[in-house]
Amino acid sequence: MTITLKYFGLLVDITNKKEEQFFVEENKASLSFLKSKMEGVYEELKNTNYTIAVNQSMSSLDYTIKDQDVIAFLPPFAGG
Amino acid sequence: MKNTTRYSRQIALAEIGESGQQKLQDARVLVIGAGGLGCPVLQNLAAAGVGSIGIVDGDVVEESNLHRQLLYSLKDCGKGKAITAAEAILELNPDVNVTVFGEFFNKQNAAKIVSDYQIIVDCTDTIAVRYLINDVAVAKNIPVVYASIYKFEGQVSVFNYKNGPSYRCLFPETESLKAVPNCVVSGVLGVLPNTLGRSRRQKCLKSSLKSERFCPAPY
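Those sequence lines, one after another, are chains X and R. Residue numbers for the first sequence follow this note's numbering, beginning at 1 and rising by one. Residue numbers for the second sequence follow this note's numbering, beginning at 1 and rising by one.
Treat the hints as calculated values from the structure; they're not laboratory data. These figures come from a predicted structure and were not determined experimentally. Incorrect hints may appear among the rest.
[Stated by the list, open to error] On the chain X side, residues computed to face chain R include the following (Cβ under 8 Å): (1) Phe8; (2) Ala29; (3) Gly40; (4) Asn49; (5) Ile52; (6) Met58; (7) Ser59; (8) Pro76; (9) Gly79; (10) Gly80.
[Claimed, not checked] DSS-like cross-link-like pairs, simulated, lysine-lysine; straight-line CA separation at most 25 Å: (11) Lys151(R) / Lys18(X); (12) Lys79(R) / Lys23(R); (13) Lys140(R) / Lys17(X); (14) Lys46(X) / Lys35(X).
C-beta: ideal position from N, C-alpha, C; glycine also.
Take these sequences, add in the hints, and give me the full structure.
Encoded structure:
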């Protein structure tokens, strides 16, 4: 299945992209699995605080990913 | 109700009316941080007739603030932000009661400062203070209108509203693994905090009006 990943804030600097299409080979994959996978692709994510939203709603890490999901990686912002 | 002429255009909105304007006049809003986000929030809350506004900031105005913090001018450099912002909004609307806290929000003064307010607007620029605001707001059951900036992006939300999620629900990690840069480090265009500040003014007024129709989304 193919999903869209969106990155915000500091995560854009880490991944060098705002968005990418990602192919998940597994038939059944959780958000937790995806998080680990992306932290393997972009190792600096391991050292960064962020939360994950699926299709514009906050989601728990045990959510099962579906084809065409739009998954956003959201770090806290500090600027004021 | 004070000066209905000033507010006549918003009173004309059926969703506000005279009763809504009275609610705004009775509202007590605490704005923590009088910088890039705080300035437009303060300006708009005062203009809308929010009756009591508290301003917390221990910082002083610097020239590097002036491209986005539009309550201040060159002659204000070196002056305390809280008192200078208070003078500016009182000039805009002398009917507003303004309380100045010319100090940084910290563990020692947090509970005392928030105790007299119904809504907190978080306009700070450090993550640690953001968690402190969250924690004291949860303890005192006060909603928090939040915004923050990173370069060209912004986050806006309302936390702790009618037992809704808090900032810690969104970002449970207390210790930042990687330092989160503020505007000093990452830079900022003046238009972004002003846009976000005005968006938050909208959320703040909706919360003040306490109308179900205006109930803000938790995220």
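How the hints compare with the structure:
1. With its C-beta approaching chain R no nearer than about 6 Å, Phe8(X) sits inside the 8 Å limit, and its interface hint holds.
2. Look at Ala29(X): its Cβ only gets to about 23 Å from chain R, farther than 8 Å, so that hint breaks.
3. Interface restraint check for Gly40(X): the shortest CB-CB distance to chain R comes to about 17 Å, outside 8 Å, so the restraint is violated.
4. With a cut of 8 Å, the hint placing Asn49(X) at the interface with chain R holds, because the nearest CB-to-CB distance is about 4 Å.
5. Hint status for Ile52(X): violated, given a least beta-carbon distance of 11 Å to chain R, over 8 Å.
6. Taking 8 Å as the C-beta contact cut-off toward chain R, the hint placing Met58(X) at the interface holds, the least distance being around 6 Å.
7. About 11 Å separates the beta-carbon of Ser59(X) from the nearest beta-carbon of chain R, more than 8 Å, and the hint is not met.
8. Satisfaction of the interface hint for Pro76(X) is found here, the shortest Cβ-Cβ separation to chain R being roughly 5 Å, below the 8 Å cut-off.
9. At its closest, the beta carbon of Gly79(X) sits 3 Å from a beta carbon of chain R; the interface hint therefore holds under the 8 Å criterion.
10. Satisfaction of the interface hint for Gly80(X) is found here, the shortest Cβ-Cβ separation to chain R being roughly 4 Å, below the 8 Å cut-off.
11. For the hint linking Lys151(R) to Lys18(X), the alpha-carbon distance of about 13 Å falls within 25 Å, and the restraint holds.
12. Between the alpha carbons of Lys79(R) and Lys23(R) the distance comes to roughly 33 Å, so the proposed pair goes past 25 Å and is violated.
13. Between Lys140(R) and Lys17(X) the CA atoms are separated by roughly 41 Å; this puts the pair beyond 25 Å, and the hint is violated.
14. Of the pairs offered as hints, the one joining Lys46(X) and Lys35(X) holds, with about 9 Å between alpha carbons and a cut-off of 25 Å not exceeded.
The structure fails hints 2, 3, 5, 7, 12 and 13 (numbered hints given earlier, in ascending order).
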